[in-house]
Amino acid sequence: MESGLQILLIITSLLVIVLVLLHRAKGGGLSTLFGGGVQSSLSGSTVVEKNLDRLTLFVTGIWVVTIVGIGLQIKYGA
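Counting in my numbering, the sequence shown runs from 1 upward without gaps.
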């Protein structure tokens, strides 16, 4: 269980880094390579950006739960 949580932590950490780098900044980001450069006149951000935000929040949630799980495992033992 301990090694599984550590592997999950490494994977989610790398995914969070990649997903944050994909977000568009002021000058545009890597997300424009995947169709994020097309602006919608009805909303402030594109569908790609909204989906990227949701995916980033989901992976970050898993990351936080994994850190809490590892912390509890360290405190109370396996």
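Treat the hints with care, since some could be wrong.
With a cut-off of at most 20 angstroms between alpha-carbon atoms, the simulated SDA-like pairs for lysine to any residue come out as follows [claimed, not checked]: (1) Lys50 with Leu15; (2) Lys75 with Ser3; (3) Lys50 with His23; (4) Lys75 with Val65; (5) Lys50 with Met1; (6) Lys50 with Leu9; (7) Lys50 with Leu8; (8) Lys75 with Leu21; (9) Lys75 with Leu8; (10) Lys75 with Leu5; (11) Lys75 with Leu9; (12) Lys50 with Leu21; (13) Lys75 with Leu22; (14) Lys75 with Phe58; (15) Lys75 with Met1; (16) Lys75 with Val64; (17) Lys50 with Gly61; (18) Lys50 with Arg24; (19) Lys50 with Leu5; (20) Lys50 with Thr60; (21) Lys50 with Ile17; (22) Lys75 with Val18; (23) Lys50 with Val20; (24) Lys50 with Ile62.
Because the hints were derived from the structure by calculation, they are not lab data.
The hints, checked one at a time:
1. Lys50 with Leu15: holds, 17 angstroms
2. Lys75 with Ser3: holds, 16 angstroms
3. Lys50 with His23: holds, 10 angstroms
4. Lys75 with Val65: The hint holds at about 15 angstroms.
5. Lys50 with Met1: The given pair, whose Cα atoms are some 34 angstroms apart, is violated under the 20 angstroms limit.
6. Lys50 with Leu9: At roughly 24 angstroms apart (the allowed maximum being 20 angstroms), Leu9 and Lys50 break the hint.
7. Lys50 with Leu8: Answer violated: Lys50 to Leu8 is near 25 angstroms, above 20 angstroms.
8. Lys75 with Leu21: Since the Cα atoms of Lys75 and Leu21 sit roughly 33 angstroms apart, the hinted pair is violated (cutoff 20 angstroms).
9. Lys75 with Leu8: With Cα atoms ~19 angstroms apart, Lys75 and Leu8 stay inside 20 angstroms; holds.
10. Lys75 with Leu5: Holds, at roughly 15 angstroms.
11. Lys75 with Leu9: holds, 17 angstroms
12. Lys50 with Leu21: holds, 15 angstroms
13. Lys75 with Leu22: violated, 35 angstroms
14. Lys75 with Phe58: violated, 26 angstroms
15. Lys75 with Met1: Answer holds: Lys75 to Met1 is near 15 angstroms, not above 20 angstroms.
16. Lys75 with Val64: Distance ~16 angstroms between Lys75 and Val64 Cα, so the pair holds.
17. Lys50 with Gly61: Between Lys50 and Gly61 the Cα gap is close to 17 angstroms, so the pair holds against 20 angstroms.
18. Lys50 with Arg24: holds, 11 angstroms
19. Lys50 with Leu5: violated, 29 angstroms
20. Lys50 with Thr60: holds, 15 angstroms
21. Lys50 with Ile17: The hint holds at about 17 angstroms.
22. Lys75 with Val18: Violated, because 31 angstroms separates the two Cα atoms, which is more than 20 angstroms.
23. Lys50 with Val20: Holds, at roughly 13 angstroms.
24. Lys50 with Ile62: OK: Lys50 and Ile62 at ~19 angstroms, within 20 angstroms.
Hint violations for this structure: numbers 5, 6, 7, 8, 13, 14, 19 and 22, all remaining hints satisfied.
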